[in-house]
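**Student:** Below, each chain spelled out in residue letters.
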Amino acid sequence: MATVELTFSALPAHVRTARLVATAIARRTGVAEAILDEVRLAVGEACSRAVEAHRLHCPGEPVRIELRDDAGRFEVTVTDAAPSEEPKPYVLDVDGAFMPDEMAELGVAVIAGLADDVEVVPGPKGMRIRMSWPASVDGIAAI
Amino acid sequence: MDLKLDHHSEDSLTIVDVEGEIDVYTAPRLRELLIDLVNKGNFHLLVNMEKVDFLDSTGLGVLVGGLKRVRAHDGSLELVCTQERILKIFRITGLTKVFGIYASVEEAKEAHGRDK
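Line by line, the protein sequences are chains R and E. Under the working numbering, the first sequence has 88 at position 93, and the numbering climbs by one with no breaks. Under the working numbering, the second sequence has 69 at position 62, and the numbering climbs by one with no breaks.
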């Protein structure tokens, strides 16, 4: 198992960096090219959500992202330090009249639609979003 | 890639050309532009996303916010998009039911002309 850990200040500009790092490591781990866009988007969503939560609750705390090559899976865990509750199910109001604060739930809905294995663990000390995708079993271990 | 925004009007339709990445960092600029256009009386917007490389839920939120604003003036906000990776996020969120999505600016203009 090879692991890369990244912590970054809760600034929107850093989300792009996190996306790029995750995509590069996913490629090296052997995630299929066709899935890389999904990895990029899902990691971006998780990091965006974390950054927004930190800006509201704890702007000085960094967001943490862990990327692992684990037995044929590429696993990403994004952990924040902002208190959170169970995400409300995203229900589309067909006339588009949902309120802006409900858009936060949209990010988790997008992640659930992109990763085939997702775990969202909210808590008073922060939320952890773990997601994974298939990778080649003999993916490049020396990340 | 950063976000490039441009816009021009054709008859009653305002075409917004977007190029680059729409994410939590850049989406506020698109939001400001849409708000500014609506405040200046442009209530029929067509957002051309053919050169958008990346769109996340923050960008979707901005587009939905723009749609709500124009609808308050009986207006419209429609999209031009053929890229599968961008369309996928609209499908996942069900927003294909909310936005008119066209394959080209010409096609959207024709549909807008019919609806007038």
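Don't read these hints as lab results, they were simulated from the structure. We treat Cβ as the ideally placed atom computed from N, Cα and C, and that holds for glycine. Keep in mind that a hint or two might mislead.
Cβ pair distances, simulated, as ranges [said to hold, decoys possible]: (1) E/79 / R/78: 32 to 38 Å; (2) R/129 / E/19: 29 to 35 Å; (3) R/27 / E/43: 54 to 60 Å; (4) E/42 / R/66: 46 to 52 Å.
Calculated Cβ distances over 12 Å to all of chain E for the following chain R residues [unchecked claim]: (5) -1; (6) 46; (7) 63; (8) 78.
**Student:** Evaluate each hint against the coordinates.
**Tutor:** Here is how each hint holds up against the structure:
no.: 1; hint: E/79 / R/78: 32 to 38 Å; in the structure: 34 Å, holds
no.: 2; hint: R/129 / E/19: 29 to 35 Å; in the structure: 49 Å, violated
no.: 3; hint: R/27 / E/43: 54 to 60 Å; in the structure: 42 Å, violated
no.: 4; hint: E/42 / R/66: 46 to 52 Å; in the structure: 49 Å, holds
no.: 5; hint: -1; in the structure: 21 Å, holds
no.: 6; hint: 46; in the structure: 6 Å, violated
no.: 7; hint: 63; in the structure: 23 Å, holds
no.: 8; hint: 78; in the structure: 20 Å, holds
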